[in-house]
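Enquirer: Sequence:
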Amino acid sequence: MGRLLFIVNPRAGKGRIKSHFLDIVDIFIKGGWEVEVHTTQEPLDAMKTAKEKGSGADMVVCSGGDGTLSETISGIMRLDAPPVLGYIPAGSTNDFAASLRIPSNMASAAGNVVNGSPFPVDIGYFCGERNFVYVAAFGMFTEVSYMTPQEKKNLLGHQAYMLEGMKSLTNIKSYAMTLQSEEITLEGDFVFGMVTNTVSVGGFKGLVKRDVALNDGLFEVLMIRTPRTAMELKDILSSMILKEVQSEYVYRFKTSRLSVSFAEPADWVLDGEFGGSRTQVEIENLTRKIHIMTPR
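Residues in the sequence shown are numbered from 1 upward in steps of one, following our numbering.
Think of the hints as simulated: they come from the structure by calculation, not from any bench.
These figures come from a predicted structure and were not determined experimentally.
All C-beta atoms in this analysis are idealised placements derived from N, C-alpha and C, irrespective of residue type, glycine included.
There's no promise every hint is true.
Claimed, not checked - Calculated lysine-lysine pairs in the DSSO-like style (CA-CA distance at most 27 Å, straight line):
id: 1; residue 1: 289; residue 2: 51
id: 2; residue 1: 48; residue 2: 14
id: 3; residue 1: 53; residue 2: 30
id: 4; residue 1: 51; residue 2: 18
id: 5; residue 1: 48; residue 2: 289
id: 6; residue 1: 254; residue 2: 289
id: 7; residue 1: 289; residue 2: 53
id: 8; residue 1: 254; residue 2: 173
id: 9; residue 1: 234; residue 2: 254
id: 10; residue 1: 18; residue 2: 53
id: 11; residue 1: 18; residue 2: 48
id: 12; residue 1: 30; residue 2: 18
id: 13; residue 1: 173; residue 2: 234
What the hints assert, rightly or not - Restraint ranges, calculated between C-beta atoms of paired labels, are given here:
id: 14; residue 1: 18; residue 2: 238; range: 40 to 48 Å
id: 15; residue 1: 3; residue 2: 234; range: 51 to 59 Å
id: 16; residue 1: 277; residue 2: 257; range: 16 to 24 Å
id: 17; residue 1: 229; residue 2: 42; range: 44 to 52 Å
id: 18; residue 1: 215; residue 2: 183; range: 17 to 25 Å
id: 19; residue 1: 127; residue 2: 42; range: 17 to 25 Å
id: 20; residue 1: 288; residue 2: 238; range: 35 to 43 Å
id: 21; residue 1: 80; residue 2: 263; range: 36 to 44 Å
id: 22; residue 1: 14; residue 2: 44; range: 16 to 24 Å
id: 23; residue 1: 39; residue 2: 231; range: 52 to 60 Å
id: 24; residue 1: 35; residue 2: 238; range: 50 to 58 Å
id: 25; residue 1: 259; residue 2: 174; range: 13 to 21 Å
Work out the full structure, taking the sequences as your base and the hints as a guide.
Expert: As structure tokens, this is what we get:
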């Protein structure tokens, strides 16, 4: 069938891949693939490897968490003809795999790589420099994903995010900003903003609109204004929990492109990894840019 480049993050998700590695490679070989394996050695190694070796592969498969997936896609996005991508989730939350219904069982996920169907997905383009797969965000809780040590993620899994998230409640920062898109203009102080292409973020479903499509050329956007009173906070929580409740502090909308200007630098997170501190952000949807193997 061709050459398969297998990029593996051996530390993701308590090192789950280690006990399944030989079985996975065996499934690939039985499926007719010639397999080359690369284990990541440092941050951004998956991106570098996908960029340098992906052009010679008929398929690139990565195993790790959402960060490994994001790096791999960022690498193949830099190729003239991106190969089809396979994914074997091995992280703590695996949000995008859940959106694509890729099996959490590693052997089943490997079988999906061999027997599944390529499905086109949209990819985010951040500030004309970087790509993201399923989320770009700023504000409260966003630092949790990249500030939580890998060892704690491995030890506690999803609970690690919850524990670190509780700490950030004591130091919520407000951002003076202006957002502009074709659909809406927002101005004022906000505590959180999120641009997504997924049905699940941090293991939670339904944070954005319910009718999420991964290849419609549109992002789902969630913006939350800074609450000034207890009643405003109650209004925000009601809107978040009871999603049909309207709020003048919570905005949910779809767009293909948006621009955000901040009064002072804001830290952004892209797919769980630090995306830089910026005062001006441009985000664009690259429609159906990558094909990922999904269950038939």
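Enquirer: For each hint, tell me whether it holds in the structure or not.
Expert: Hints and how they fare:
This hinted pair checks out: residue 289 and residue 51 have alpha carbons roughly 16 Å apart, not beyond 27 Å. A threshold of 27 Å between alpha carbons decides the hint, and for residue 48 with residue 14 the separation of about 24 Å falls inside it, so the pair holds. Between the alpha carbons of residue 53 and residue 30 the distance comes to roughly 23 Å, so the proposed pair stays at or under 27 Å and holds. In summary, the hint linking residue 51 to residue 18 is supported, as the alpha carbons are separated by about 25 Å, within the 27 Å threshold.
Restraint check for residue 48 and residue 289: satisfied, since their Cα atoms lie roughly 19 Å apart, inside the 27 Å limit. With a C-alpha separation of about 19 Å, the suggested pair residue 254 and residue 289 falls inside the 27 Å cut-off, and the hint holds. A distance of roughly 19 Å separates the Cα atoms of residue 289 and residue 53; the hinted pair therefore holds under the 27 Å criterion. For the given pair, residue 254 sits about 25 Å from residue 173 by alpha-carbon distance, which is consistent with the 27 Å threshold.
Under the criterion of a C-alpha separation no larger than 27 Å, the hint pairing residue 234 with residue 254 is consistent with the structure, at around 25 Å. Annotation: proposed proximity of residue 18 to residue 53 holds, straight-line Cα distance about 23 Å (limit 27 Å). For the proposed pair residue 18 and residue 48, the alpha carbon gap of about 22 Å is at most 27 Å, so the pair holds. Simply put, residue 30 and residue 18 have alpha-carbon atoms about 20 Å apart, close enough for the 27 Å limit, and the pair holds.
For a cut-off of 27 Å, the pair hint linking residue 173 to residue 234 stands: about 18 Å separates their Cα positions. The supplied range of 40 to 48 Å is met by residue 18 and residue 238, whose beta-carbon atoms lie about 45 Å from each other. Between residue 3 and residue 234 the beta carbons are some 57 Å apart, a value that agrees with the proposed interval 51 to 59 Å. A beta carbon spacing of about 22 Å between residue 277 and residue 257 agrees with the range 16 to 24 Å that was offered as a hint.
In this structure, residue 229 and residue 42 meet the distance hint of 44 to 52 Å, their C-beta atoms being roughly 47 Å apart. Distance hint for residue 215 and residue 183: a CB-CB separation of about 19 Å, consistent with the stated range 17 to 25 Å. Restraint check, residue 127 to residue 42: a C-beta distance of roughly 23 Å satisfies the suggested window 17 to 25 Å. At roughly 36 Å, the beta carbons of residue 288 and residue 238 sit within the given window of 35 to 43 Å.
The given range of 36 to 44 Å is respected by residue 80 and residue 263, whose C-beta atoms sit roughly 40 Å from each other. Checked against the hint of 16 to 24 Å, the C-beta distance between residue 14 and residue 44 comes to roughly 22 Å, which is consistent with it. With their beta carbons about 53 Å apart, residue 39 and residue 231 fall inside the hinted range of 52 to 60 Å. Separated by about 52 Å at the C-beta atoms, residue 35 and residue 238 satisfy the suggested range of 50 to 58 Å.
Roughly 20 Å separates the CB atoms of residue 259 and residue 174, a value that falls within the hinted 13 to 21 Å.
Checked against the numbered hints given earlier, this structure breaks none of them.
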